[in-house]
Amino acid sequence: MPDLPTPQDAAEAALFSECWDAVLSYADLCTSGSAAATQLATEAFTHGVHEVRAAEARARNTGRRTPGLPRIPLLLNSVRTTAAAWEAHGQGHRLDPDLRLWLNSEKADRFTGPPLHRPIALRGLRDLQAADAALLWLVEVEALPLPAVARRLGLDPVAAAEELGEVRALFRARCHRSHLDTPMDAACRTYARLLDAVTRSPGADTPEDLSRHLAHCAECAEAAACLRLHGGGLPVALAGGVIGWGGLAYLERRRRAAEAGLGGGRSQAAVDTGIAENREPAPRIGRTGVLVAALIVSGLALTVSLMPFGPDGDAAIPPRGDAAVADRPVAAPAASSSPPATTRADGTLVSPEPEPEPTRTTADARPDPEPQGPTSAPARVVDRTPEPTRDSPRCAATYTLDNEWPDGFQATVSVTTTEPLDTWRLGWTFDDGQRVTQMWDGTADQRGSRVTATAADYNRTVAAGGSVTVGFLGSWQHTNTAPGTITLNGASCAMAH
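Using the working numbering, you'd call the opening residue of the sequence shown number 1 and step up by one each time.
Treat the hints with care, as some may be off.
To be verified - Restraint ranges, calculated between C-beta atoms of paired labels, are given here:
(1) 405 x 203: 48 to 54 Å
(2) 129 x 211: 30 to 36 Å
(3) 465 x 232: 31 to 37 Å
(4) 54 x 154: 23 to 29 Å
(5) 232 x 156: 23 to 29 Å
(6) 396 x 35: 17 to 23 Å
Stated by the list, open to error - Lysine to aspartate or glutamate pairs mimicking DMTMM-like chemistry, simulated, CA-CA at most 20 Å apart:
(7) 107 x 87
(8) 107 x 259
(9) 107 x 96
By construction, these hints were calculated from the structure, which means they are not laboratory data. Here the structure is a predicted model, which is why all the values come from computation and not from measurement. Every residue, glycine too, gets a C-beta built ideally from N, C-alpha and C.
Input sequences plus hints: build the corresponding full structure.
Here you go:
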């Protein structure tokens with residue numbers, strides 16, 4: 001497996017950062033496992049970067065731009081062509097079975113056949129100027145916020161919405177011209193201009209005969225999807241026509257990642273930290289800072305609510321020694337006239353040096369719901385740390401660092417359970433400040449250094465002896481050590497190294 005190419009400059013480093021997430025996401029759709037996805041993505045990314053470099057060299061030497069795709073769809077096409085090479089050279093067993101069927105069908109031939117027979121969306125995007133094509137793709141398919149795309153492309157954020165509208169109109173015009181240039185039979189030629197008129201106006205009704213024709217002619221239906229800018233169908237037309245197989249699934253993945261704030265995370269960070277513009281990073285308070293502040297305030301409020309109050313309304317002041325044991329759960333005190341050796345804020349007893357307790361059942365370990373004692377009994381201490389219950393599944397976990405680059409990495413977490421699961425939740429803690437930027441086969445939620453991965457709809461149930469696997473991309477600085485413990489539904493798993 002080839003290594004990722006070394007960035008030649010800061011601009012290419014930003015390119016690697018913003019495009020790798022997309023390439024790996026599509027490669028994961030095309031393959032049968034995370035290891036194969038990583039290899040396919042690496043090979044395709046390497047070939048695609050060499051293609052970008054060659055095109056830029058030709059442009060410098062000739063002074064003329066060769067029509068081509070923006071960087072992300074170009075690299076996604078490289079994933080598809082690399083997968084076709086795998087199929088042709090005996091590695092097809094590592095690909096998704098549906099992709100293998102598609103690669104051996106006439107649908108795949110359209111992307112490599114005569115230019116006038118290629119998908120209209122692909123031809124229309126190639127005909128746009130590079131900046132216009134990038135703007136259209138990043139907003140419509142990658143689902144990135146328009147202000148972020150404007151910053152990335154160096155556009156005026158105020159005028160970006162108007163410019164996006166103009167680019168959509170240009171794309172429609174290019175697709176209309178491509179449709180007219182496509183060799184077609186007499187029936188399709190008859191409906192070509194009517195199709196243009198009907199799709200141009202949002203309120204226009206489609207004649208019944210044209211509707212029947214579109215139901216039977218895939219080429220004209222494809223053209224209609226590209227020409228109809230209203231109704232929200234443009235992203236689907238772009239993804240399906242430019243990527244080919246798996247375009248709709250890729251589109252859905254990118255939208256979900258963008259909605260979760262994970263899509264394009266490192267690429268936007270590259271712009272905001274000055275990589276793309278060669279400037280000093282500007283300090284800012286992100287969502288993590290807001291979350292930490294909220295947790296601190298909530299913790300203070302919880303502490304106050306648990307403090308016992310005396311008859312005069314004054315809060316009881318604990319002795320100084322309480323701070324060392326404030327976070328340890330203790331049993332509720334029994335009524336006693338002897339003074340305690342060490343008291344907590346709620347009046348519970350704590351031995352200065354507690355002896356190891358014998359093994360207890362879950363019911364015995366819980367505090368008495370109605371502790372005995374005076375009428376003004378202190379509030380119970382509730383330990384909110386999740387503990388495995390008696391029916392928690394036994395499990396074995398592995399953490400694999402699949403790939404790593406200067407500011408990011410890819411990893412896989414796999415857990416095998418001995419008992420069937422109706423749903424699952426994986427958890428681990430990063431010790432070096434790593435951040436998850438994108439996850440597949442699960443939904444990521446990170447609070448500080450703690451990461452929780454919950455099941456997707458399609459892999460929620462797991463049979464006894466089965467495995468749960470999630471892959472993700474992350475960012476790191478200085479060091480990137482693996483988590484020491486992984487939990488399944490709150491129970492710690494045995495780590496396999």
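Evaluation of the provided hints:
no.: 1; hint: 405 x 203: 48 to 54 Å; in the structure: holds (51 Å)
no.: 2; hint: 129 x 211: 30 to 36 Å; in the structure: holds (35 Å)
no.: 3; hint: 465 x 232: 31 to 37 Å; in the structure: violated (44 Å)
no.: 4; hint: 54 x 154: 23 to 29 Å; in the structure: holds (24 Å)
no.: 5; hint: 232 x 156: 23 to 29 Å; in the structure: holds (26 Å)
no.: 6; hint: 396 x 35: 17 to 23 Å; in the structure: holds (19 Å)
no.: 7; hint: 107 x 87; in the structure: holds (16 Å)
no.: 8; hint: 107 x 259; in the structure: violated (31 Å)
no.: 9; hint: 107 x 96; in the structure: holds (16 Å)
In this structure, the earlier hints numbered 3, 8 are contradicted, and the remaining ones agree with it.
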